[in-house]
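Undergrad: Sequence:
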Amino acid sequence: SNFPGTETDLTKMTVGREPETLAIMKWSVLNPFVLSASLHGGLVVVVYPYDYRSPDAPMDSPNLTPDDDVFRHLAGTYARKHSDMFRSPQCQEYFDGGITNGAEWIPVSGSMQDFSYIYTNCYEVTLEISCCKYPMANTLVSEWEKNKNALLSYMEQVHMGVKGVVKEFRTGKAIAKATVIVQGIDHNITTTERGEFWRLLLPGQYSLIVSSPGYESTVRRNITVMT
Numbered sequence: 002s003n004f005p006g007t008e009t010d011l012t013k014m015t016v017g018r019e020p021e022t023l024a025i026m027k028w029s030v031l032n033p034f035v036l037s038a039s040l041h042g043g044l045v046v047v048v049y050p051y052d053y054r055s056p057d058a059p060m061d062s063p064n065l066t067p068d069d070d071v072f073r074h075l076a077g078t079y080a081r082k083h084s085d086m087f088r089s090p091q092c093q094e095y096f097d098g099g100i101t102n103g104a105e106w107i108p109v110s111g112s113m114q115d116f117s118y119i120y121t122n123c124y125e126v127t128l129e130i131s132c133c134k135y136p137m138a139n140t141l142v143s144e145w146e147k148n149k150n151a152l153l154s155y156m157e158q159v160h161m162g163v164k165g166v167v168k169e170f171r172t173g174k175a176i177a178k179a180t181v182i183v184q185g186i187d188h189n190i191t192t193t194e195r196g197e198f199w200r201l202l203l204p205g206q207y208s209l210i211v212s213s214p215g216y217e218s219t220v221r222r223n224i225t226v227m228t
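Per the numbering used here, the very first residue in the sequence shown carries number 2; after that it's consecutive.
Quick caveat, the hints were computed from the structure, so don't treat them as lab data.
Keep in mind the model is a prediction, meaning the values are calculated, not measured.
Everything hinted at is true.
Below, a list of computed lysine-lysine pairs in the DSS-like style, where the Cα atoms sit at most 30 Å apart:
1) K27 - K174
2) K134 - K82
3) K134 - K27
4) K164 - K149
5) K174 - K164
6) K27 - K164
7) K178 - K27
8) K27 - K13
9) K147 - K82
10) K13 - K178
11) K149 - K82
The calculated label-pair distances, taken between Cβ atoms and stated as ranges, are:
12) D69 - G17: 21 to 31 Å
13) D57 - P90: 27 to 37 Å
14) V159 - C133: 26 to 36 Å
15) M60 - S212: 32 to 42 Å
16) P136 - Y216: 50 to 60 Å
We treat Cβ as the ideally placed atom computed from N, Cα and C, and that holds for glycine.
Given these sequences and hints, build the entire structure.
TA: Here is the structure:
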């Protein structure tokens, strides 16, 4: 794991990074990804952020994001639709509901899913999809069948929450890099060059604040997110 994390000095974001890591960092920042997943082998479980755990935190303690409810939903959606994952134990390890917080399981500093959540607008989980780290070619069709419905259901979650375009009131010009704040959740996203935003949220009522330097902030209250 070679990505910047919560503990990274912001003045040293690119120091010591591998070329592949830098390429993904640039790609992730330049493109308005909303939802992603990293596929691994060697176990059958969905791992959600954070992966990082402070050295002085108790052993086996989770490190939860401000959007823990969203990440649990995303992870659970995949696990429930997988043919085996939800029915733990798998691969001789037990995970409640087939999901786990990364820091609670195996703490990792500099993971891609932590980077995506902290430094981009993207929500990412890690999908451990096979007990075998390097499955044989003749098992791939079977592995695809086990994961197909789960992958499709996970992808559909990109539509949950709220989305919109931030524009100047008088001119209709899109406002890039405006900050979109959900009151009560300490995690903000920013608009694209076209003023677009997508904010993953569970069903409920929310208040949104949109701010940008040189503009008066706008508040929209009691926005209802449907199932």
